[in-house]
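With these hints in hand, go ahead and build the complete structure from the sequences.
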Amino acid sequence: MKTYRGYLEKYKLGKLPFEGRPKEYTKKIKQVSESCGDGLTFYFLIENETIKNIGFDGYGCFLSRLSASFLAKKFVGKPIKNLIEFDEEKTLALLGFPVNSAREQCVLIPLKVFRSFDVHL
Amino acid sequence: MLKKDFPIFSAKGGSAFGGKNNKDLVYLDNAATAQKPRAVIDVINNFYTHDNANVHRGFYGLGEKADAYYEEARVTFANFINAKQDEIVFTKNATEGLNLIAHAWGRTQCKEGDEIIVSLIEHHSNFLPWQFLAREKKLKLRFWKPDQFGVLHIKDLEKLITSRTKAICVTYVSNVLGYIVSVEKIKESIGKKNIALIVDVAQAVPHVPVDVQYLRCDFLSFSVHKMYGPTGLGILYIKENRLHEMKPFLVGGGMATEVSLTHAKYLQSSHVFEAGTPPIAEVVGGAEAVRYITRIGFSAIQKHEHALVEDIFHRFEAYPFVRVLSPKEGNVGVVAFDIQGVHPVRGRGALRALATSNGVHPHDAASLFAERGIALRAGHHCAMPLHTFLKIPASLRLSLGLYNDERDIDAFFKALDDIKKIFD
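Respectively, the protein sequence lines represent chains S and E. Okay, so the first sequence: first residue is 1 according to the numbering used here, each after it adds one. Okay, so the second sequence: first residue is 122 according to the numbering used here, each after it adds one.
Hint data in this document are derived by calculation from the structure and do not stem from the laboratory. Be aware that one or more of the hints could be misleading.
Calculated pairs, DSS-like style, for lysine-lysine (alpha carbon to alpha carbon, straight line, at most 30 Å) [stated by the list, open to error]:
id	chain 1	residue 1	chain 2	residue 2
1	E	LYS512	S	LYS112
2	S	LYS10	E	LYS512
3	E	LYS512	S	LYS28
4	E	LYS541	S	LYS10
5	E	LYS535	E	LYS125
6	S	LYS12	E	LYS512
7	E	LYS542	S	LYS10
8	E	LYS535	S	LYS2
9	E	LYS266	E	LYS287
10	E	LYS125	S	LYS73
11	S	LYS12	E	LYS287
12	S	LYS10	E	LYS535
Quick look at the structure:
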């Protein structure tokens with residue numbers, strides 16, 4: 001199942017885990033990709049420097065949404081610090097299957113949100 | 122049949138498609154760039170092997186030969202678009218040619234309050250130079266809007282022309298929707314007003330004859346790499362009676378007649394726009410691309426591509442989840458579409474699909490096509506104003522070249538069937 005096609009077959013055109021705007025959130029950050037114009041918005045519920053919940057929505061390709069979903073799963077319940085320090089290499093590895101260089105930027109769109117996190121705090 | 126003329130289709134171990142041989146390559150991204158016939162590759166190879174020298178400088182045999190090839194190529198391109206030799210300027214690409222007009226003509230001729238009409242279907246290369254100029258010189262940009270399907274109509278242009286209009290900037294063929302704009306009718310709308318007609322023919326030159334006398338344009342620009350020639354070369358046509366309205370663009374070698382410490386005199390011909398060493402081998406190779414196209418002939422090219430276009434539009438009808446954005450009428454072989462969801466547009470499935478994710482994102486679809494050896498393009502195709510107008514963030518685009526055949530179209534639809542299965 002750990003292939004691009006495998007995930008597409010699983011989720012088809014439906015929502016991914018953590019996709020959708022949660023009822024409760026304390027921080028909202030939108031990121032528009034400079035290269036393709038797609039935009040994802042992240043919603044964070046933060047209490048005592050810890051991420052209690054993450055949700056996201058917007059218009060993005062499957063790879064950017066899948067990456068967002070995996071990252072959300074990874075960081076819910078963790079300190080914000082972990083999320084801010086996460087890097088490109090780890091994000092690509094988290095996906096679990098290789099993508100060609102042109103699509104790497106899709107996978108990394110959510111990371112840009114995390115990078116701007118401290119600025120928004 | 123023509124694929125045999127293009128070495129890329131028989132190259133062994135092609136790297137682009139997971140190590141498969143390139144015979145499996147289904148290249149449907151010709152609007153981005155076309156493949157090169159052996160004739161063009163050989164001419165470039167021969168030039169560097171036997172005749173390489175700089176132009177306009179060498180008092181020796183090689184230099185004279187390079188000069189002769191270079192100027193013969195200018196005649197070849199002039200004949201190709203029915204212009205005069207001195208009306209042809211070699212540039213880097215279509216974009217540079219359009220920027221050159223905005224800079225060398227626009228900045229000289231337009232003053233605050235003047236108006237420039239730009240169509241909303243333009244590639245950014247015939248949009249941004251005018252937006253940039255308008256902001257700098259405080260000009261008013263007026264937008265020639267298409268109908269709801271993205272099609273431009275001359276009657277909508279006529280309403281925009283005023284006594285302050287200085288230029289009309291429009292493409293001959295849309296790089297997204299692939300249809301031909303009736304540019305030849307624009308001069309009638311202009312009448313006797315002194316309005317420059319500036320035409321981007323980058324997407325037209327591989328598919329239809331381009332004739333500056335027929336189009337009655339003042340400036341025209343295209344890239345040679347889309348018409349089976351090398352990259353790094355563009356052609357700019359400047360109508361001879363516009364030349365005196367222009368100032369130099371780049372200044373440097375080969376375009377000045379006298380240079381003192383404080384002043385310079387510049388060439389009075391269109392050669393003034395070819396500062397520095399030009400792309401000589403590309404010019405020589407580009408002329409061979411013209412000869413290649415001319416040998417096949419536009420009537421044969423149009424007949425072949427038209428038959429494929431008919432077939433593509435017909436076959437798309439069996440895919441209700443595909444929304445074809447391009448009009449069939451006047452289409453040269455550039456077809457934009459998106460995948461709305463794999464269930465029929467009417468019905469619960471489709472409604473659910475649309476409600477959740479707006480169908481298959483073009484980037485994902487293009488990756489899935491690529492896995493099957495099919496090269497096509499996804500994105501906004503450097504035409505964001507058009508996509509915004511059509512209210513779509515991105516689209517898929519297949520674009521034909523003269524070497525594409527029924528087998529390519531079969532492969533495309535087979536891949537589309539396969540992609541459908543993923544989402545069924």
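Hint numbers not upheld by this structure, sorted from lowest to highest | Numbers 10 and 11, in rising order.
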